[in-house]
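If you read the sequence shown in my numbering, its first letter stands for residue 369, the second for the next number, and so on.
Please keep in mind that the hints were generated in silico from the structure rather than gathered at the bench. Nothing false has been slipped in among the hints.
Simulated restraints, written as ranges between beta carbons of each label pair:
id : residue 1 : residue 2 : range
1  : Gly574    : Ser518    : 18 to 26 Å
2  : His557    : Thr535    : 13 to 21 Å
3  : Glu536    : Val495    : 18 to 26 Å
4  : His581    : Thr441    : 35 to 43 Å
5  : Gly552    : Asp469    : 35 to 43 Å
6  : Asp436    : Pro560    : 32 to 40 Å
7  : Asp469    : Arg440    : 17 to 25 Å
8  : Asp469    : Gly558    : 47 to 55 Å
9  : Ala410    : Thr441    : 31 to 39 Å
10 : Gly552    : Gly493    : 19 to 27 Å
11 : Ile575    : Gly543    : 20 to 28 Å
12 : Ala483    : Arg440    : 16 to 24 Å
13 : Ala480    : Asp413    : 18 to 26 Å
Quantities reported herein were computed from a predicted structural model and do not represent experimental measurements. Backbone N, C-alpha and C fix where the C-beta goes; we use that ideal spot for every residue, glycine too.
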Amino acid sequence: MADLSRYLPLSRRPDVDESGVTADRRAETAEVLRALATLVRAGGDGLWSASTERPGWHVAEVAAELADGFDRTRTRRAIDAAGRLVRGGEARRLDELPRLDGPSAAADAFDARAAHILGRERATGVVELDDVVVAALLIGGAAGAVVPLSARASGAVALRRAAAAPTEIRAVIAGHTLRATDAGWEFGHGSPLVDTAHGLLRFLTGIGTVAPHPPSDDDGTPAPRS
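Please build the complete structure, drawing on both the sequences and the hints.
This is the structure:
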């Protein structure tokens with residue numbers, strides 16, 4: 369597998385001093401958690417009971433899975449990953465999840481987690497950011513909203529997902545450069561495939577089915593889709 373990490377920090381900007389580039393994702397993870405808390409709190413019971421693009425899952429279950437996964441150990445992550453393979457890529461079974469007492473409790477948990485992350489000395493890796501971004505894609509989709517993600521957050525998770533993509537996604541992106549038209553990052557080799565950062569993340573995480581397309585013109589905007 370190509371060493372995609374050499375494309376960090378995923379920017380097309382001119383060369384600058386990048387000695388401060390870090391793998392610590394505390395700030396990005398906390399930012400997305402706070403945005404999720406705001407969305408869930410504002411959406412109330414209507415959003416809480418809304419269906420997501422994960423079949424059979426509502427916002428309540430996605431929120432519970434995220435909160436229950438805080439500080440997962442490497443062993444538990446490996447067990448959860450094995451379970452997803454057994455279930456053909458599905459996340460944890462619904463009957464395995466704890467219950468959160470409504471959207472206010474979930475929002476409070478997300479805000480508290482954000483504060484905890486920012487206040488601790490231990491770094492936050494991309495795996496926890498990945499968990500939060502996936503929840504943001506699912507809950508945002510149920511709300512008909514796009515949860516804002518910084519370029520660093522979207523780029524880090526996109527890179528991680530592309531490096532470990534399943535066969536059907538790798539077949540699409542192999543031999544191409546992936547370019548986010550609205551986030552200033554790209555990575556890979558070959559002719560470009562473009563979409564917004566949100567669109568690329570939906571495809572790379574398997575939540576969405578619309579693949580990135582070649583650019584339609586020199587400014588890198590996506591080609592029209594039928």
